[in-house]
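Read off the chains here:
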Amino acid sequence: MKKEIPLLIAFLLGTWMILENFLSGFSWVGPMKESITNGGIVIMAFTYVLGIYSIVSVNVARIRRGQDVVPKVALLAALALMVALGFWRGHEEGTPFNWLYLNLYVPLQATMFSLLAFYIASAAFRAFRARSLEATLLLVCAILVMVGRIPVGEKLWSAFPQVSDWIMNIPNLAGKRAIMIGAALGAISTGLRVILGLERSYLGGE
Amino acid sequence: MKALLLRALGRFLALDRRWIFLLMALCIVTPLILPIGLPFTPDPAVRNLHRAIEDLPEGSVVLVSCDYDPGSKPELQPFTEALFRHLFRRKLKVVVSCLWAGAPPLVNQAIAQALEAEDIRPLGLKDKVDYVNLGYKDGRQLVMLGMGENIHSTFPKSNDGTPVSQIPLMQRMRKLGDSQLFVNVSGGSPGTKEWVETAQGRFGLRMVAACTAVMAPDNIPYYEAGQLLGLAGGMKGSADYEQLVGLPGSATRGMAAQSFGHLLIIAFIALGNVAFFMTRGRKR
Amino acid sequence: MLDWLFSVEALGAFLTCFATLMIFSFLYRDNPFYKFAEHVFVGVSTGYGIVLMWFQILRPNLLDRLVPPVDAVRQQLFRAGELAPEAYATAPISMGQRLAHGQFIYYVFLTLGVLMLFKISRKFHWLSRWPLAYVIGAFAGIQIIQAAQGALVPQLEATMKDFSGRETLATWMADSCRALPAAELPTRRAEQAGWIADWMKALGADSVQALRAGEAWQTEQEGRLNDVAGLSSLEEPGADLPAAFKRMRQEQARVVARDADFEALLCAAAGGRPLDSLRLDGDAAAWGTAPWQDALLLAATTVWLESPATRQALGQRFAPGLGLPTPIAAEALAYPEGHVSLVQLLKAEAFPQSAKLDWSLPGTRKLADSLLSDVNARPERLAEWKPAQLEDLLKRLKTAGITGSAAALDARLRVFETLPEPGRTQARGEFLAFWKEGVTRELRDLRQTWLLHTIALHTAPDPLSSFSREELKAFGQDPAAWASTHGALDTNGARPAVSVAKVRTGMAVEILSNLLVLVGVCAGIFYFFFSKKHTGALGVVSKVGIAFLMMSFGASFGYTVMGRISLAIGRFQDLLAWPWMAGTALIVLVVALAVESRRARQS
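Those protein sequences? They're chains A, B and C, same order as listed. Heads up: the first sequence runs through residues 1 to 206, numbered per the working numbering. Heads up: the second sequence runs through residues 1001 to 1284, numbered per the working numbering. Heads up: the third sequence runs through residues 2001 to 2603, numbered per the working numbering.
Hints in this document: simulated from the structure, not taken from any laboratory. Cβ atoms here follow ideal geometry from the backbone N, Cα and C, with glycine treated the same way. There's no promise every hint is true.
30 Å max Cα-Cα, derived DSSO-like pairs, lysine-lysine [said to hold, decoys possible]:
no., chain 1, residue 1, chain 2, residue 2
1, A, 3, C, 2123
2, C, 2123, C, 2543
3, B, 1126, B, 1175
4, A, 2, C, 2543
On the chain B side, residues computed to face chain C include the following (Cβ under 7 Å) [as the list claims (entries may be wrong)]:
no., residue
5, 1201
6, 1204
7, 1212
8, 1254
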């Protein structure tokens, strides 16, 4: 009961997702496909509820223990504020919710991602060493691609963009395609393992 | 003398990284304050993307899936803005969906900006007749498969809560295959990889994509295999597209800063290696 | 200025700058302000996610299916014939009726969703495996098909390329043809097929092959022609009418709306009300003021109506509102696109010059304006108009008081009248002269470039050769940049000026590239898959594989750097959009950081 039913569900759903490709001519397949995909969308939405629970519970516990009280309270307050505004006035354009999204969410997230530009500069200085032939190959390609993609590079030598295009379309293509083919074969075998119940790590312990 | 040089190099290698950060910031800010117009050639893959849109007959429905969030805004928002201007100008009907929660307001912003442009305003385009933002749906490939079967069932309401049955434009757009072109603006996963592999071949989509620079090399095989008709990668891709459409925007303005940023990184790699090999030789 | 300082916009600008700088402060050192901003971000994004999850997924995709909204129930009842049109807007719908119209299967999904929440429970933790198995199982199946159908097969196929080099040839041919306007394809077809055969012969291919290549190309171009040109392709001289028409019918069949769908469409345009509850005829004067009427017309003209009877009936309905004679209104509605339909209508030979359009109605004026903007957007369309028709339209527009657009049209008309038929190539020169003299002055900004691009794309086989350097300069265009944007495909009319030697080199390069890719892919896969010790010949192959992989990682690294720097550029662009705000925020933050570090030192 605790293991067999989930295994059966996974088997049925997985098999269906494969079979429906071959059955699309039948009229009953369409509506069934619709229901099953919609069901998946709804169920996945509930996982979000779990995420919220874990964020709130972890932070409340921290606050109780008196660790990092100010930032944790700020986190919960920001969360509550967004939810309250969203349910009070909706999420369309011109609402306070949208205003906070544009003036807080956008700059915070965008800036966090942009920090990496600075760390990559520091790493370029300290870590990227041409210690072996392979590493040299990597660095040379990287530099050629970097130069070929900027206007200054084009100004220095008009063929730089072509060189970078060639790297992208020949060696890069070959390498990426090899990885892609390998990954596809891997994905097929792990998919089969899940459907056949050989891979059960998602069931957790016990 | 040599010992002095080596000591200087050793010190140089141990430079506080905040100096490096500062140099990087200067390299980016200076060209933004003092703009230098540097011409550049659009990438062939972006040119093909542009051509795929130009080839469409007027009135065709274009489905745009905006799957990104503010984290990749500087790279992709300029593309989205130019894209809407281009599509509206070409009198194409635009349906937008999002697989990333952060996208719908960015889409609305880009649409509003396009509608205010002086070449678009006289067209008198109407929400839900000429374009519609369907909003966000979680569920990755399940959403794609659902859209392939029946968009009305996957997106029962648009972003602003209007039932699809009341959206005139959506009466022409019942499933993915009804679109004459599919444009994916992608900031990660789910994105171009999933759309190409799950939906492009299966539903016979004519598809082009704009993605972040990080993803671009991974998407090259799709473009080279003809699964993607065009591909724009990163801010450079967006700048190329802006140039092709004749609307230089923030991506084009950022290209000078991009140049100096790259040159700085290259200089760092070179200096770091020179210093490293010289000091290493001594240790031996 | 002071007003702006105390506006919501200024507050937003300050918040944006301050939030940005708080995060950037981490580059200096880890500090409480960064930590604060980081936590606020997690809170804001989670809160944002909750709201979207509810409004965009749980409510429309689950709740509305369990308890459908009143409107949806009314529509269902109306379609089933259980609700009279006059009662549509007022019929009371009880909660019981709404529940009865719910979809049962969604209770199952609701249950599974709720079971997911048991993950939190220690005792009933295992119940959450059911919904988890649903999702994991579904994705396992999707993954298999996705990998096989979307990655494995197409990528293998693309690696096993034809080594004869014919693909290069085909690409060149397709490229050179793309530069042609669609309308010119039929007349150029025979000519092009001829030079393809020439080329093939020069390259050493036998005549049968040459013939086949020519045929294949023709078929492809025919398909393209019909795709691109649509309706107007039927009117081109020398077009293969039966074939083109058959294809078009197929395309139309795809977008044909069945009667039931059409009714739903009209109801949709009217905000969900049934068609019969709308009083169209009486509202003629108010046309254009009621938003649903506008939407209705556009919706109606967006579909191709299969049945002539429906078309006729609709024509009767719309005639008063449009100010068109009934048969013409019916005809207008018969075209798939509203805006285009009027173009077709007005230029059609069948359109009686005496027919009176009621230009005093706002709806008609609106349509005429959109029609003009259609012409404005694609000037080459003018070639499809007959001078007399344009003049007639112009007169009508003038009397209707649409002077702005009319003036522009008037100016264009003068140029058009001097054109010989078919006159497209000629038209370019005329357009140029015209734009230089008059309208250009008003359109010096972006539109100008746009117009040039449009003209270049649609009037000439080769954009570069179609404008002289002087002409481009007169438009403020950089000839070099122009060449790079549009590419120089040929300089000699339709025949691409690519020599046989150049094609040969191109083919050799292509073959070599294909070979390199093939070697790289095989070696890469080899390196991944053979766990045997890589020595001897095996070692060489796997070394080659590693080399290719390293080069691809190099490309990825280069692009990663590019992406990261772009993100930083975006942030600085935002800060520099409000330099004073950014400056203020920076000072506030620096002072706060100083105070904070002093405090930390003291304690």
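Status of the hint placing residue 1254/B at chain C (closest C-beta pair under 7 Å): 4 Å, holds
Return the status of the interface hint for residue 1204/B: holds when the least beta-carbon distance to chain C is below 7 Å, violated otherwise. 12 Å, violated
Please work out if residue 2/A and residue 2543/C have their alpha carbons no farther apart than 30 Å. Outside the cut-off at roughly 49 Å; violated.
Return the status of the interface hint for residue 1212/B: holds when the least beta-carbon distance to chain C is below 7 Å, violated otherwise. Where the cut-off is 7 Å and the nearest Cβ of chain C is about 5 Å from residue 1212/B, the hint holds.
Does the interface hint hold: is residue 1201/B within less than 7 Å of chain C, judged Cβ to Cβ? With Cβ-Cβ at 6 Å, under 7 Å, it holds.
Keeping to a limit of 30 Å between CA atoms, is the pair of residue 3/A and residue 2123/C held or broken? Cα-Cα ~15 Å, so holds.
Within a Cα-Cα threshold of 30 Å, do residue 2123/C and residue 2543/C meet the stated pairing? 54 Å, violated
Within a Cα-Cα threshold of 30 Å, do residue 1126/B and residue 1175/B meet the stated pairing? 22 Å, holds
Checked against the numbered hints given earlier, this structure breaks hints 2, 4, 6; the rest are met.
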